[in-house]
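Respectively, the protein sequence lines represent chains D and E. Each residue of the first sequence is one higher than the last, beginning at 1 in my numbering. Each residue of the second sequence is one higher than the last, beginning at 1 in my numbering.
Please keep in mind that the hints were generated in silico from the structure rather than gathered at the bench. Don't take every hint at face value.
Derived CB-CB ranges, DEER-like [unchecked claim]:
no., chain 1, residue 1, chain 2, residue 2, range
1, D, M1, E, D260, 57 to 63 Å
2, E, C348, D, S240, 48 to 54 Å
3, D, T99, E, I106, 39 to 45 Å
4, E, I43, D, S60, 18 to 24 Å
5, E, S150, D, S240, 43 to 49 Å
6, E, P312, D, K215, 41 to 47 Å
7, D, K215, E, H266, 41 to 47 Å
8, E, S240, D, E109, 52 to 58 Å
9, D, K215, E, D260, 49 to 55 Å
10, D, V21, E, N244, 52 to 58 Å
11, E, E35, D, T99, 36 to 42 Å
12, E, I106, D, M229, 19 to 25 Å
13, D, E109, E, G272, 50 to 56 Å
Distance condition first, Cα-Cα at most 20 Å in a straight line; then the derived EDC-like pairs of lysine to aspartate or glutamate [as the list claims (entries may be wrong)]:
no., chain 1, residue 1, chain 2, residue 2
14, D, K120, E, D276
15, E, K42, D, D46
16, D, K120, D, E151
17, D, K114, E, E134
18, E, K91, D, D133
19, D, K120, E, E134
Chain E residues, not near chain D, derived (Cβ > 10 Å throughout) [what the hints assert, rightly or not]:
no., residue
20, I65
21, E81
22, D140
23, Q270
Computed from a prediction, not measured in an experiment: that's the story for all the values here. By construction, the Cβ of each residue, glycine as well, lies at the ideal position given by its N, Cα and C atoms.
Single-letter residue listing:
Protein chains: 2
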Amino acid sequence: MSANTVLLDFSLDPARINDEVSRKDIVRLCKEGLEKYLTGLKISYDMLTADGYLCILNESSSGTIVTIRFFEQGLITINVEYYRRDGDEPKLSFENMKTLENGLRIRLEAKRSKHLPPIKRGSNIDVYLTSSDERVIEYDIDRVLYDKRSEFQKIQIVHSKSLGNMLVLDELQNIAEADLIYTETLMRRGIEDYVGKEICILGGGDGALLYELLKEKPKHVVMLEIDDMVMQACNKYMNSICGNVLEKRKDDNYEIIVDDCVRYLHKFSQEGRKFDYVFGDLTDIPISETPTGEIWDFIRKILQSSFEVLKPDGKFMTHGNGVSCPESLKMYEEQLVKLEPKVSYTKCTAFVPSFMEEWVFYQVQREDTNVVASV
Amino acid sequence: MSANTVLLDFSLDPARINDEVSRKDIVRLCKEGLEKYLTGLKISYDMLTADGYLCILNESSSGTIVTIRFFEQGLITINVEYYRRDGDEPKLSFENMKTLENGLRIRLEAKRSKHLPPIKRGSNIDVYLTSSDERVIEYDIDRVLYDKRSEFQKIQIVHSKSLGNMLVLDELQNIAEADLIYTETLMRRGIEDYVGKEICILGGGDGALLYELLKEKPKHVVMLEIDDMVMQACNKYMNSICGNVLEKRKDDNYEIIVDDCVRYLHKFSQEGRKFDYVFGDLTDIPISETPTGEIWDFIRKILQSSFEVLKPDGKFMTHGNGVSCPESLKMYEEQLVKLEPKVSYTKCTAFVPSFMEEWVFYQVQREDTNVVASV
């Protein structure tokens, strides 16, 4: 059950948009085109706007509303909105819209035209997520398996037909069963050697990084995750990516501590505990019990605290952002440059299926070690 | 330059939707929320519909139109539409929409709420493409490099920030520079042995399959592509995936024939010419000079003709559809079952970056050879 919003648009000669006679003619043609799919359409209202014209049509039997908007710059937008009950055929299927668009493009003598798949609104299953650069992506999500709000965030596990189960935190896609490439690129499998190493994971509540790292025979991994509910949800629904590490919580070679990672990094630092690798696997929006203030302050704090517990040749490994967000990546790199002692970094990218975009990963190391930055 | 359509919705108790007093109150709250971003909003029209209520607000200074639609089932949709010139800040940024949504959700006591990134309409750069199962995907397309209509189809080459240059035929994404996995899965690189083999490609106008196959040292490849303009466009803008094979057109080990593949398969059959592999690399919507009638007739014809030119142990290799389209995949498999002589098939999948979905590929062989179907 959802409302469907059907969007069509046509680019026309502005002269025809702004002339009253031709405008009436255009409305008539649109109405005729729509009447193949909607019955008893009537114009119920129209008005001149500061930059064009608006006309409202309605299908009196069902409540379908059509708005036709003329923009003086040479554009007509048509929005059809109606309520579609479960099992009801769409009034305007995607195929019908193609026919309608092509027919109207010719009759309106439009220079360009476009129709979108119907936007589904108000459904309990939310299929629209957003890329790092604020693009809308409709996922093939067909089930919600888990939907709760923890003390820290909104936690959902949904099922996607093509990506498998997917963890969504505060409306952001975090990881799906199809995302092994994400974890393998974050840890640079096959490039970094983890045998016998001491590792600390900040965040990582989905368990995938811990699970994959343990396969590489490290000496010990400690994982600091603040949100127990995320781990419980992933342990139940994401076993293919986390195995039983979230179930067991602790073994000879690893330990999961449910606490604020900043607090624990400070504790480790005071104890003189040192790591070969620290992984920044926190959500994009930082979670902390302390007031974070500016997001970049938090990110800088994480970096500084991590280097306090890293061995001199230790590495900080983390995910950055989508390649479509060069400004955000640049800001992150500016934080890296500000660090004391000086660090250098390398980066690599991978297309992450559940993100539907190419993602950037960073490897940061003290500059006095012999790694050259490949920016 | 484009019109922005901003979509928000809220799920409420139906009783509050259908009560006139509470409806007025809800409109007032929505108006107050919107007035932080839109100035001088006035209600210009309202009406009862067969299944709820419609209210139109407008910003008289600029022509921004807001429609607030009440559905008796318990849903309110808010659509804000305005023209945004190049360089203008958005009236309602994605960040503002988040604030507006959260504020209104609390004030309206909504059970759920949602906002989408603004839908951009009427721009010369079309960023919206559709998945195989009719989901909308907004791409990070920032330039149109080529846009022409051939005798057969609309041909576009666009640039995506994350996928590189991308071939779009009749609004369908065909291949991008980031899609090596597509070609490698289609040809099953590392599994099939092409050394010394005779190969025929049906379609394949982007040149990527031919380019990759030639690296495998086949004896000879003949490619039958009907649309010369596609090859010219790809030769100019897709060199990273096709090398110089479209430029040269012919060498000792390959030849590109610009013609109808059905006609040529018939010719090859009559000549008694036989291949080890035939690749079906045609667009999803078949292109043929002969009237195709039903799409499945064409697909069956391609399969039949291909087996007429295949050696007894030869293989027909092709792309199917997205895994989200089980019905369509099933229909294709039904065509395979109908073939005479009997065939068996295997299939495999890969996530194709430019398709933004997991895609199915088929390998079809005569059943009298010793391959067992793994359905």
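Original post:
Is the hinted pair E:K42 and D:D46 satisfied, with a Cα-Cα distance of at most 20 Å?
Top reply: Distance of about 15 Å is within 20 Å: holds.
Subject >> Given hint E:E134 paired with D:K114 - CA-CA distance at most 20 Å >> reply: With Cα atoms ~14 Å apart, D:K114 and E:E134 stay inside 20 Å; holds.
Subject >> Range hint 18 to 24 Å (beta carbons of E:I43 and D:S60) holds or violated >> reply: This hint holds: roughly 22 Å between Cβ atoms.
Original post:
Is the hinted pair D:K120 and E:E134 satisfied, with a Cα-Cα distance of at most 20 Å?
Top reply: Answer holds: D:K120 to E:E134 is near 12 Å, not above 20 Å.
Subject >> Whether the CB-CB distance between E:C348 and D:S240 falls inside 48 to 54 Å >> reply: Once the Cβ atoms are compared, 19 Å apart, the range 48 to 54 Å for D:S240 and E:C348 is violated.
**OP:** Evaluate the condition: distance from the CB of E:D140 to the nearest CB of chain D exceeds 10 Å.
**Re:** Violated, because the least Cβ-Cβ distance between E:D140 and chain D comes to about 4 Å, which does not exceed 10 Å.
Original post:
Beyond 10 Å from every Cβ of chain D: is that where the Cβ of E:E81 lies?
Top reply: E:E81 is in fact no farther than 10 Å from some Cβ atom of chain D, at 6 Å.
Subject >> Minimum Cβ distance from E:I65 to chain D greater than 10 Å, as the annotation requires >> reply: 6 Å, violated
Subject >> Hint check for E:I106 and D:T99 - Cβ pair distance inside 39 to 45 Å >> reply: Since the Cβ atoms of D:T99 and E:I106 sit about 43 Å apart, the hinted range of 39 to 45 Å holds.
Original post:
Would you say the C-beta atoms of E:S150 and D:S240 sit inside 43 to 49 Å of each other?
Top reply: 45 Å, holds
Subject >> Distance restraint hint 41 to 47 Å, applied to the beta-carbon atoms of D:K215 and E:H266 >> reply: 54 Å, violated
Subject >> Hint check for D:K215 and E:P312 - Cβ pair distance inside 41 to 47 Å >> reply: Holds - the Cβ-Cβ distance for E:P312 and D:K215, about 45 Å, lies within 41 to 47 Å.
Comparing the model with each earlier hint shows violations of hints 1, 2, 7, 8, 14, 16, 20, 21 and 22; every other hint is respected.
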